[in-house]
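A.B. asks: Those sequence lines, one after another, are chains A and B.
Using numbering that gives the first Met the number 0, the first residue of the first sequence is number 0, and each one after it goes up by one.
Using numbering that gives the first Met the number 0, the first residue of the second sequence is number 0, and each one after it goes up by one.
Note that these hints are calculated values from the structure, not bench results.
These numbers were taken from a predicted model, which means no experiment stands behind them.
Errors might be hidden in some of the hints.
Dumping the calculated PhoX-like pairs for lysine-lysine here, alpha-carbon to alpha-carbon at most 25 Å [to be verified]:
hint : chain 1 : residue 1 : chain 2 : residue 2
1    : A       : Lys114    : A       : Lys305
2    : A       : Lys305    : B       : Lys329
3    : B       : Lys303    : A       : Lys333
4    : B       : Lys303    : B       : Lys271
5    : B       : Lys271    : A       : Lys333
6    : A       : Lys333    : B       : Lys102
7    : B       : Lys91     : A       : Lys102
8    : A       : Lys102    : B       : Lys303
9    : B       : Lys91     : B       : Lys102
10   : A       : Lys303    : B       : Lys102
11   : A       : Lys329    : A       : Lys316
12   : A       : Lys271    : B       : Lys333
13   : A       : Lys271    : B       : Lys305
14   : A       : Lys329    : B       : Lys91
15   : A       : Lys102    : B       : Lys271
16   : A       : Lys303    : B       : Lys91
17   : A       : Lys114    : A       : Lys91
18   : A       : Lys91     : B       : Lys303
2 protein chains.
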Amino acid sequence: MKKLAFGIDIGGINTAFGLVDEQGELVAESKISTAAHPYYSDYPTYVALLCQEMHKLFDSFAADSTLAGIGIGAPNANFYTGTVDTPANLWKFKGDEPVQDEKLRVFPLAADIAKSFPGLPIYVTNDANAATIGEMVYGNARWMRDFVMITLGTGVGSGFVANGEMIYGHDGFAGEAGHIVIERGGRECGCGRRGCLEAYCSAIGVKRTAFELMAKLNAPSELRSIPFAELDSAQVAAAAAKGDVIALETFRLTGMRLGQALADIVTITSPKAIFIFGGLAKAGDLLFDHVRHYMEESMLFAFKNKVQVLPSALQDKNAAILGASALVWKELDK
Amino acid sequence: MKKLAFGIDIGGINTAFGLVDEQGELVAESKISTAAHPYYSDYPTYVALLCQEMHKLFDSFAADSTLAGIGIGAPNANFYTGTVDTPANLWKFKGDEPVQDEKLRVFPLAADIAKSFPGLPIYVTNDANAATIGEMVYGNARWMRDFVMITLGTGVGSGFVANGEMIYGHDGFAGEAGHIVIERGGRECGCGRRGCLEAYCSAIGVKRTAFELMAKLNAPSELRSIPFAELDSAQVAAAAAKGDVIALETFRLTGMRLGQALADIVTITSPKAIFIFGGLAKAGDLLFDHVRHYMEESMLFAFKNKVQVLPSALQDKNAAILGASALVWKELDK
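With the sequences and hints as input, model every part of the structure.
C.D. replies: In structure tokens, the structure reads:
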């Protein structure tokens with residue numbers, strides 16, 4: 000009997016979920032709207048609907064299989080407690096709700112889903128950690144005991160594996176390399192502080208760099224006709240591909256800052272490889288060449304020319320669902 | 000029959016070694032000169048003498064005990080290979096030696112000592128990792144699965160424990176937080192690069208900061224009568240204790256830089272505690288208060304008020320020998 004794991008990816012807009020086999024094959028998938036349940040008081044309805052749709056998917060496509068477990072990737076998810084702790088963009092208080100204690104916004108997601116799937120192992124972690132485990136179980140890190148995953152999307156996420164195990168840290172929240180401060184007092188970050196790697200090397204960071212360069216340099220650029228609110232990193236990449244000087248310099252600076260930060264990260268965990276994943280990674284060598292160059296230039300002697308910077312093997316797949324499902328195989332393998 | 004482990008601490012001047020029981024009690028100790036064997040060609044004589052003196056110590060003080068293993072802390076020591084790889088200050092080439100290939104300076108120390116102690120498990124790692132394992136086996140980290148050790152001496156060393164295991168990295172050299180770059184293009188570091196944490200927060204970094212401040216500020220200071228070559232961090236600490244403004248500001252800046260770097264480190268491994276060890280740690284609250292203050296000020300929200308900064312429990316003990324011996328108990332415990 001074929002064994003399958005549910006992988007669930009909870010984003011601010013949609014919750015995608017699917018059934019995945021041990022080889023990383025996505026057997027069936029579906030989704031529900033997260034955004035349709037925006038409030039604290041909507042959370043019970045959301046969980047009920049999610050469980051109902053999961054049962055429906057399983058019964059339709061996999062009734063002859065065994066369900067091995069459920070893995071969930073969600074923002075602020077805590078591996079140790081199975082909770083989603085005060086997520087910035089999920090299940091917020093309505094303006095008119097009387098009690099607005101943030102402590103109430105610790106959602107026991109694993110326990111709540113377990114009520115509908117009794118006896119089944121359920122694991123949660125954040126999306127970057129899920130992507131990391133996906134790489135380890137199905138991807139290019141299958142034989143690696145020490146590696147790092149960097150996810151470049153709207154934000155910058157990360158996951159660290161040492162001695163073959165995910166580093167969750169004492170509280171379950173380890174692996175936030177996007178919030179290493181690379182410039183004291185620098186750009187405002189979404190976290191409320193300043194100068195975080197994420198403020199420079201996320202998709203939005205790329206846009207901010209492009210605007211800084213348009214102010215600093217006089218070179219003509221097709222980006223000069225696009226307002227800040229409309230520019231995205233894909234447009235910057237497209238301009239760079241056509242030789243646009245501002246766009247090219249934007250990617251050089253982005254790669255430099257990421258490469259320098261990676262050299263610092265290497266001093267701590269000395270990974271065999273660093274995988275880059277996410278929307279911005281699609282820029283390919285436009286970004287990777289600079290990352291590699293500046294990482295090596297900044298690298299401590301002992302680590303020079305040892306650490307590979309590679310694209311994720313899950314880049315073009317349904318990585319979020321795969322990564323979440325991989326949690327199940329990883330934990331059952333222990 | 001009592002079980003003992005040898006702990007060996009190889010420094011540039013002396014090699015100290017001792018017999019330690021499972022509770023961290025140093026039963027007997029001795030030393031030989033490392034400096035008397037400075038050259039590549041002296042290495043075999045050094046190993047022979049060390050083994051001879053180890054046998055002598057064991058036979059004199061512990062002949063009725065069982066020897067469980069040998070742990071060695073040495074610069075550039077590689078846990079995986081048991082080698083000491085091109086150490087900067089040990090067993091160098093003489094000026095007149097014909098072949099000066101640095102690849103020859105990979106010393107198979109564990110294998111060479113094993114010839115004199117056949118069948119005995121022998122482990123090597125660098126001194127900061129040994130101190131880390133000492134804290135885990137005998138010290139304040141005995142119940143911790145996730146912590147960090149920072150050693151503040153002539154240099155800045157570090158050791159990372161995650162999931163209860165030392166992070167050695169893919170090559171055996173992980174844990175070099177002293178070489179995180181905290182100021183791009185900043186102070187020259189002994190590693191040949193610029194701006195490393197070590198150039199600011201080591202004992203020598205403290206001296207450099209004091210001299211920078213004497214140049215920058217006009218405040219009177221007893222440090223102004225001491226030449227650079229003669230000043231040490233203990234003198235700066237003594238001046239600070241008397242209210243010397245330059246000395247106090249030196250420790251504030253040192254604590255600030257270390258605290259900010261620790262906040263970055265926490266984003267990666269999320270330790271339960273950070274232990275501070277070494278000569279500079281003797282400055283106590285003069286340093287620790289600033290470290291804690293600036294670490295919390297710089298900390299990402301998710302980690303605020305969670306991570307303890309504590310002195311090492313081995314601070315006033317023969318920590319280098321203890322740490323090296325702890326390697327044996329840690330590995331045999333697996």
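A.B. asks: Quick one: which hint numbers does this structure break? Sort them smallest to largest.
C.D. replies: Hints 1, 2, 3, 6, 7, 13 and 14 contradicted; others consistent.
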